[in-house]
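*Asks:* Sequence:
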Amino acid sequence: MISVDNLAVEFSGHTLFSDVSFTINENDKIALMGKNGAGKSTMMKIIADEQKATRGHVRYPKDAVIAYLPQHLLTEDNTTVFDEASKAFGHVFKMRDEIEALNKALETRTDYESDAYMKIIERVSDLGEKYYALEDVNYDAEVEKALKGLGFKAEDFTRLTNEFSGGWRMRIELVKILLQKPDLILLDEPTNHIDIESVIWLEDFLLHKAKAVMVISHDKAFIDNITNRTIEVTMGRIYDYKAHYSHYLQLRDERRAHQIKAYQEQQKFIAENRAFIERFKGTYSKTNQVTSRERMLEKLEIIEIDEVDSSALRLRFPPTIRSGDYPVTVKDVSKSYDAHVVFKNANMSISRGEKVCFVGRNGEGKSTMLKAILGELKVEGTCQLGHNVKVGYFAQNQAALLDEGLTVFQTVDEVAKGDVRTQVKNILGRFMFKGDDIDKKVSVLSGGEKTRLAMVKLLLEPVNLLILDEPTNHLDIKSKDVLKEALLDFDGTLILVSHDRDFLQGLSKKVFEFKDQRVIEHFETIDDFLVRNRIEHLKAIDLN
Numbered sequence: 019m020i021s022v023d024n025l026a027v028e029f030s031g032h033t034l035f036s037d038v039s040f041t042i043n044e045n046d047k048i049a050l051m052g053k054n055g056a057g058k059s060t061m062m063k064i065i066a067d068e069q070k071a072t073r074g075h076v077r078y079p080k081d082a083v084i085a086y087l088p089q090h091l092l093t094e095d096n097t098t099v100f101d102e103a104s105k106a107f108g109h110v111f112k113m114r115d116e117i118e119a120l121n122k123a124l125e126t127r128t129d130y131e132s133d134a135y136m137k138i139i140e141r142v143s144d145l146g147e148k149y150y151a152l153e154d155v156n157y158d159a160e161v162e163k164a165l166k167g168l169g170f171k172a173e174d175f176t177r178l179t180n181e182f183s184g185g186w187r188m189r190i191e192l193v194k195i196l197l198q199k200p201d202l203i204l205l206d207e208p209t210n211h212i213d214i215e216s217v218i219w220l221e222d223f224l225l226h227k228a229k230a231v232m233v234i235s236h237d238k239a240f241i242d243n244i245t246n247r248t249i250e251v252t253m254g255r256i257y258d259y260k261a262h263y264s265h266y267l268q269l270r271d272e273r274r275a276h277q278i279k280a281y282q283e284q285q286k287f288i289a290e291n292r293a294f295i296e297r298f299k300g301t302y303s304k305t306n307q308v309t310s311r312e313r314m315l316e317k318l319e320i321i322e323i324d325e326v327d328s329s330a331l332r333l334r335f336p337p338t339i340r341s342g343d344y345p346v347t348v349k350d351v352s353k354s355y356d357a358h359v360v361f362k363n364a365n366m367s368i369s370r371g372e373k374v375c376f377v378g379r380n381g382e383g384k385s386t387m388l389k390a391i392l393g394e395l396k397v398e399g400t401c402q403l404g405h406n407v408k409v410g411y412f413a414q415n416q417a418a419l420l421d422e423g424l425t426v427f428q429t430v431d432e433v434a435k436g437d438v439r440t441q442v443k444n445i446l447g448r449f450m451f452k453g454d455d456i457d458k459k460v461s462v463l464s465g466g467e468k469t470r471l472a473m474v475k476l477l478l479e480p481v482n483l484l485i486l487d488e489p490t491n492h493l494d495i496k497s498k499d500v501l502k503e504a505l506l507d508f509d510g511t512l513i514l515v516s517h518d519r520d521f522l523q524g525l526s527k528k529v530f531e532f533k534d535q536r537v538i539e540h541f542e543t544i545d546d547f548l549v550r551n552r553i554e555h556l557k558a559i560d561l562n
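Residue numbering for the sequence shown follows my numbering, starting at 19 and increasing by one per position.
Hints may be right or wrong, so weigh each one.
[Stated by the list, open to error] For lysine-lysine, the following DSSO-like pairs were computed, each having C-alpha atoms within a straight-line distance of at most 27 Å:
| # | residue 1 | residue 2 |
| --- | --- | --- |
| 1 | K229 | K260 |
| 2 | K194 | K238 |
| 3 | K396 | K362 |
| 4 | K238 | K452 |
Everything labelled a hint here was simulated from the structure, so no lab data went into it.
Let's have the full structure, built from the sequences with the hints guiding it.
*Replies:* Shown next as structure tokens:
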């Protein structure tokens, strides 16, 4: 059991949270929730001993292993993928090597009665007891299983880690964490860089093989599937629910309803007492009562109502011209890089107003096909856009295309037309740009902030074909809901690539699956595809 006792974090006169206490039990699967800026990542860093609290402390059992995966990695190295992942067992290999070295030393020594000789004997005995108590594990097989589960292919194992993108390096770190079998796994947005099949593998690993887990995530399906407890950080304190995320939302609404009722009753009580004080102030016979009520009101702790985003902003894409009957046509398209075939003889025909999803493991060609459709990539075969097609494209690197000399407000204001211009500040607020944020230059924004700003800009442009490549990676749950509502209302054609199952559900009635160098068309909703895909995928997962 890990105990968090009276944690407080204060900086620049601002209290992020205070007097926070809770325990983490052996098999708890905890969702750490709260709005951006509430202190979730800070609290997780303190538990991971990556940051110090202003007050309070975290107590761990002896020899407890805590593993932490932050949102962003800054590590650089030049080892192979397999060797880097094998570092998860570094303590075991170190123990084995030390035992071998000590045994060799004993073979050459003859001072059998000396203190030094006896110390070596004791050390070998202690290490041997720990080492041989470990279960008999084929470490190479465990590393291979975890790497493949998170999307790596056998040919990737010998590649250097610095050849991989940040998302793939994040997966390597995740593999190392999972293989350590820690007492507590701390994950900050773990699904941002992994595809649907890898998320399914991760879910089942956390459910069946992990001990305690605490996760921060904006992926509602992921946290609903793996958690049995929700800790909400709000207004400097926490609320602890023995419930998964969806149930927690219901309980939170009930809690807030009780708070509102209690607040209203308290305000009525205060008003009645103030009226009494005003009425009888200066009346000799009521002096004691007036004084008593004044003191009572001074000591009264005012009930606070938890923050909630009650704005009802609903975005709609601006009207545009009608496209032809088939905005996208792909005929016998193939793409290879040197000897590597991405896909071959792919065909698809997407009708006006149709909403389709591209799904498949990373590296199977989803983003490549999008670039081919847009004419950004040379391919064999034909990719054709239809008559009057106006494309809105959100790429994974969309943030890099923003004008860094503009402010946040200017970036959005220059594309906003008509009545929507009066809502620019509200729209930015729903995507976490509030107060002075709107006057910041794009050049000083973080990568996540730039991505959110690029999404806002796209939402206000008049298009009839939307192509979105992983649009939700840096959006919180409320922002994703705003985007999803806009896409549901969108009367144009939509091509969507995403690994966020909750976001995908309800958005399409046709799925193009990228798998084994093929593009397979499924005439089913994304919901039906995901259910079938999960069942088939789980059959192939070895969790024993």
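*Asks:* Look at each hint and say if it fits the structure.
*Replies:* Right, here's what the structure says about each hint:
Distance hint between K229 and K260 is fulfilled; the C-alpha atoms sit about 17 Å from each other, no more than 27 Å. Between the alpha carbons of K194 and K238 the distance comes to roughly 25 Å, so the proposed pair stays at or under 27 Å and holds. Under the criterion of a C-alpha separation no larger than 27 Å, the hint pairing K396 with K362 is consistent with the structure, at around 14 Å. Annotation: proposed proximity of K238 to K452 holds, straight-line Cα distance about 24 Å (limit 27 Å).
The structure fails none of the hints (numbered hints given earlier).
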